[in-house]
Amino acid sequence: MLSMKQELTAKERIRRMVEKYVAKGPYRLHPDHDRVESIIQGLAKNLEGYGRAYCPCVPVEKCLEAGRKYVCPCEPHHDDIARQGYCDCALFVSEEFLNNEKMYIEALAKV
Amino acid sequence: MAIKIGEKAPDFNLKGVDGKIYTPESFKDYKILVLIISCNHCPYVVAYEDRMIGIQRDYLDKGVRIVAINPNNEITHPEDSFDNMVIRAKKKGFNFPYLRDKPQDIPKILGARYTPEVYIFDQDRRLRYHGGIDDNYDNPEAVRHHYLRDALDNLIDNLISGRDVGRNETPVVGCTIKWK
Ligand code: SF4
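Protein chains in written order, with the numbering used here: chain S, 1 to 111; chain W, 1 to 180.
Just so you know, the hints here were simulated from the structure itself, not pulled from any lab data.
Each hint should be verified, as a subset may be incorrect.
Unchecked claim - Here are the simulated distance ranges between beta carbons:
no., chain 1, residue 1, chain 2, residue 2, range
1, W, Asp-124, S, Leu-64, 28 to 38 Å
2, W, Lys-91, S, Gln-84, 38 to 48 Å
3, W, Leu-159, S, Gly-67, 33 to 43 Å
4, S, Glu-95, W, Glu-7, 31 to 41 Å
What the hints assert, rightly or not - Simulated pairs of lysine-lysine, DSS-like, Cα-Cα distance not exceeding 25 Å:
no., chain 1, residue 1, chain 2, residue 2
5, W, Lys-102, S, Lys-62
6, S, Lys-62, W, Lys-8
7, S, Lys-62, W, Lys-92
8, W, Lys-8, W, Lys-90
9, W, Lys-91, W, Lys-8
10, W, Lys-20, W, Lys-4
11, W, Lys-15, W, Lys-108
12, W, Lys-90, W, Lys-102
13, W, Lys-90, S, Lys-62
14, S, Lys-69, W, Lys-108
15, W, Lys-62, W, Lys-180
16, S, Lys-102, W, Lys-4
17, W, Lys-108, W, Lys-62
18, S, Lys-20, S, Lys-102
19, W, Lys-102, W, Lys-20
20, S, Lys-24, S, Lys-102
21, S, Lys-24, S, Lys-11
22, W, Lys-4, W, Lys-90
23, W, Lys-180, S, Lys-62
24, W, Lys-91, W, Lys-20
25, W, Lys-180, W, Lys-102
26, W, Lys-108, S, Lys-102
27, S, Lys-24, S, Lys-62
28, W, Lys-91, W, Lys-108
Even glycine gets a Cβ: it sits at the ideal position worked out from N, Cα and C.
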C-alpha cells in the first residue's frame, strides 16, 4: 500500500510545504498567483525529477553540487528577503514587500 | 516606475556578443522591435531559448527583430558574465542580438523585474505589449496561450488594418533580475 506521502502528487506536496511554511511566518506568499503557481510547478518538477525540491531559479547542476543549500526553502532565502524583500524566486516575501507590491498592483490596475 | 503601454522605447548603447555596439538606430529597418530581458543562468530562460529562436525565425521576414538584453549582476551570478553570454549564444545558435547591460539601466527604465520579460515596440517604437512568452515555460506542447506570437500577429495585422493590438499585458513568470 502506498504511504500518504506517495499518494500525494509532487505538486500537492510542494503546495502543502509552501502553505505550511507561510503559516509558520514570518514570510508571506508573493501576491501574484501566476508567479506562485509557476514556482510551485518548477519545484514540483525538480522534486519529481531529482527527488528534492530544488530551487527552480537555480540551474539544477548547481543544486546537485550544493547538497541541501538550494532545497526549498533554500539556505540563502533569509538573507535575500532581508536584503531585497523577496527570496531569489520571489515566492516568499517580507510583509513590507507584500504591502508595497499590493500598492503597485493596484496602481497598475488603475492605468 | 515602469514604462506604460504607448510610451516610447528607451535609448540604449549596449555591446552584443558579436562585439558590436547596438543602439535603437541599429534596428531602424525593422517594423517591430521585441526587447526581451534575459540572461544565461535562469532555468526559465533556458526553457524558453528554443522558443525565442523559433519566434525570431518565424517572424523575421515580417519585420520583427528580437533583441535579448542581459542585465544580471555577474558578481553574484558569474554565469551571466559577458564571456559566458558569448559562449551561450554560440552554443545555442542565437539568431538575435544578445546584449550586455551591466549598469542595469534598461530594466530600470522599463520597470522589468524578471527574466524572461518581453516588451514589444511598434514602428514608432511605442510600447504595444508587455508580458510573457506563453503560459507554460515547462512544456511547449502544453502551451494554451502563445502570448508573444499572438501579440505579434495582432500587431502585424494592426499595421495593415489600424486595429488595436489585443491583449497587451500578460503574466510574467521567471527568475527575478539579479540587481547590484
Ligand atoms: S529562492 Fe525561494 S522558491 Fe527558490 S528555493 Fe529559495 S525559498 Fe524556495
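(request) Using the beta carbons of S:Glu-95 and W:Glu-7, state whether their distance is inside 31 to 41 Å or not. (result) Between S:Glu-95 and W:Glu-7, where Cβ atoms are some 32 Å apart, the hint holds.
(request) With a cut-off of 25 Å on the C-alpha distance, tell me whether W:Lys-91 and W:Lys-20 pass. (result) Since the Cα atoms of W:Lys-91 and W:Lys-20 sit roughly 19 Å apart, the hinted pair holds (cutoff 25 Å).
(request) Take a quick look at whether W:Lys-180 and S:Lys-62 sit within 25 Å of each other, Cα to Cα. (result) OK: W:Lys-180 and S:Lys-62 at ~21 Å, within 25 Å.
(message) Hinted pair, alpha-carbon criterion (25 Å max): W:Lys-108, W:Lys-62. Please report holds or violated.
(response) Answer violated: W:Lys-108 to W:Lys-62 is near 29 Å, above 25 Å.
(message) Check whether the Cα positions of W:Lys-4 and W:Lys-90 lie no farther apart than 25 Å.
(response) violated (34 Å)
(message) Verify the CB-CB distance for W:Lys-91 and S:Gln-84 against the hinted window 38 to 48 Å.
(response) At 31 Å between Cβs, range violated.
(request) Quickly compare the C-alpha distance for W:Lys-90 and S:Lys-62 to 25 Å and report which way the hint goes. (result) holds (22 Å)
(message) Need the status of pair S:Lys-24, S:Lys-62: alpha-carbon distance at most 25 Å?
(response) violated (29 Å)
(request) Confirm or reject the claim that W:Leu-159 and S:Gly-67 have a C-beta distance inside 33 to 43 Å. (result) Hint violated: Cβ distance 53 Å, outside 33 to 43 Å.
(request) Please work out if W:Lys-91 and W:Lys-108 have their alpha carbons no farther apart than 25 Å. (result) violated (29 Å)
(request) Given the hint that W:Lys-180 pairs with W:Lys-102, test it: the Cα-Cα distance must not exceed 25 Å. (result) Status holds; Cα separation ~10 Å.
(message) W:Lys-62 and W:Lys-180 were given as a pair; does the straight-line alpha-carbon distance stay at or below 25 Å?
(response) Measuring from Cα to Cα gives roughly 37 Å; hence the hint is violated.
Going down the numbered hints, you'll see the structure goes against 1, 2, 3, 6, 8, 9, 10, 14, 15, 17, 22, 27, 28, while the others check out.
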